[in-house]
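Given the sequences, and given the hints that come with them, work out the whole structure.
Those protein sequence lines, which keep their order, are chains A and B. Numbering-wise, the numbering used here comes out as the position in the first sequence, counting from 1, plus 37. Numbering-wise, the numbering used here comes out as the position in the second sequence, counting from 1, plus 281.
Because the hints were derived from the structure by calculation, they are not lab data. Predicted model only: the values in this text are computed from it and were never measured. Keep in mind that a hint or two might mislead.
Stated by the list, open to error - Examples of chain A residues lying across from chain B (beta carbon under 7 Å, computed): (1) H45; (2) P48; (3) Q79; (4) P81; (5) A99; (6) G178; (7) V179; (8) M183.
The C-beta atom is built at its ideal place from N, Cα and C for all residues, glycine as well.
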Amino acid sequence: MVEVNLAHHRPSQVISLRRVEALQEVTPSRIGAGATWARLEQGPYRGLAQAARTVGSPQIRAAGTIGGNVGTASPAGDGLPWIAAAEASIEVRSEARGTRVIPWRDFFVGVKRTSLEPDEIITAVLVPDDLPEHEEFAKVGVRNAMVISTVSCLVMRGDDGIRVALGSVAPTPIRATRAEEMINAESSLSDAALDEFARIVSQEVKPITDHRSTEGYRRHAAGVLARRLVERSLR
Amino acid sequence: MNVTIKINGEDRAVDVAGAESLLTVLRNDLDLPGTKDACEQGECGSCSVVFDGDVVCSCLVMAVDADGSEVTTVEGLGTEDDLHPFQEAMLAEGGVQCGFCTPGVVIAGAHLLEENSQPSEIEIREALSGNICRCTGYGAILRAFETVARGDV
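Next up, the structure:
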């Protein structure tokens, strides 16, 4: 709608999906694309609920959906690090070719660019059934409400180790795979190990300097957030 | 496309084009200019309305999405002779200066007070976090909530 209001797009035809209730369902394995942030704040996914809670304002959370976040594919999309950490897939559908399930890595291809075809709609985020037990999200921005992330981070911790996903530090949401490998090879999470982990996260991200922040600040904040969330997941 | 929206209790039929926003339809087609048009990107809250029970930015709602829905605008909150208690309290406390944010603030404030007659300061600040006021510094607006909660209006 913002792009329409600013006259960047003038669609001659629109289809209203607001009343398609099946698109709003949230289950342990599937999040309907029409699920609002206000709905996702209620769970059942803890990290996603934490992220939902930080989106915009009550007005935005009542209207904005995870499907909109996925389709917009902003590097700063607050729901996207959770999708990356969960190894979720995006379910899309066209009348001509039916349903496609696209792993998140193949769906997000660049800044605000996805592999969605023009005749497809996003129907759901599909959630694997072996999610790690612990999920923690945090983001950095210039104020508390109505803020676009400068850096966002989602950490999951479970039997298979620690997963770290970040937003606003690359064209798409990313996983800090080198930092994950390093920390998951440690026998204990000592202060020294966590320092090294944060250093690798900072190295591994690929942020830019723009009107919201600088590359250097984003690298620093990415390491701080990742380390803090790992510590939080241990409490 | 023809849509029918129940606005302030009255069914209103209107022909909307493309992805036109609910805000432009309210202001331009339905003669309801109380809902203000400022940022057009959901940041300022001056276009807040109650939409099927939720406060939303009407600039971010497609008018076609509002077909069959219920909308309350500031015009439906009270009349000059019979203001909503929160509107009375805003006047009494000086919560209005330039007035541009006020329709959105009273929509969000009245909605909170209807759901929670004794909100805490944190709950008030949270409910107002999508409504930007550049004049008052919010102090007088916060006092207006206390005035209503005490039953002084």
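Interface hint for A:P81, Cβ within 7 Å of any Cβ on chain B: Status violated, d = 21 Å.
Hint status (Cβ of A:G178 to nearest Cβ of chain B, threshold 7 Å): With Cβ-Cβ at 13 Å, over 7 Å, it is violated.
Satisfaction of the A:Q79 interface hint, Cβ to chain B closer than 7 Å: Violated, about 14 Å.
Closest C-beta approach of A:M183 to chain B relative to 7 Å, hint status: Result: holds, 6 Å to nearest chain B Cβ.
A:V179 as chain B interface residue, shortest Cβ-Cβ below 7 Å: The hint is violated - A:V179 has no Cβ within 7 Å of chain B, the shortest such distance being about 13 Å.
Agreement of hint A:P48 with chain B interface, Cβ distance less than 7 Å: OK, holds: A:P48 within 7 Å of chain B, min 5 Å.
Proposed interface contact between A:A99 and chain B, which counts if any beta carbon pair is under 7 Å: Given a least distance of 4 Å, the restraint on A:A99 holds.
Status of the hint placing A:H45 at chain B (closest C-beta pair under 7 Å): Status violated, d = 11 Å.
Of the hints listed earlier, those the structure fails to meet are numbers 1, 3, 4, 6 and 7, in rising order.
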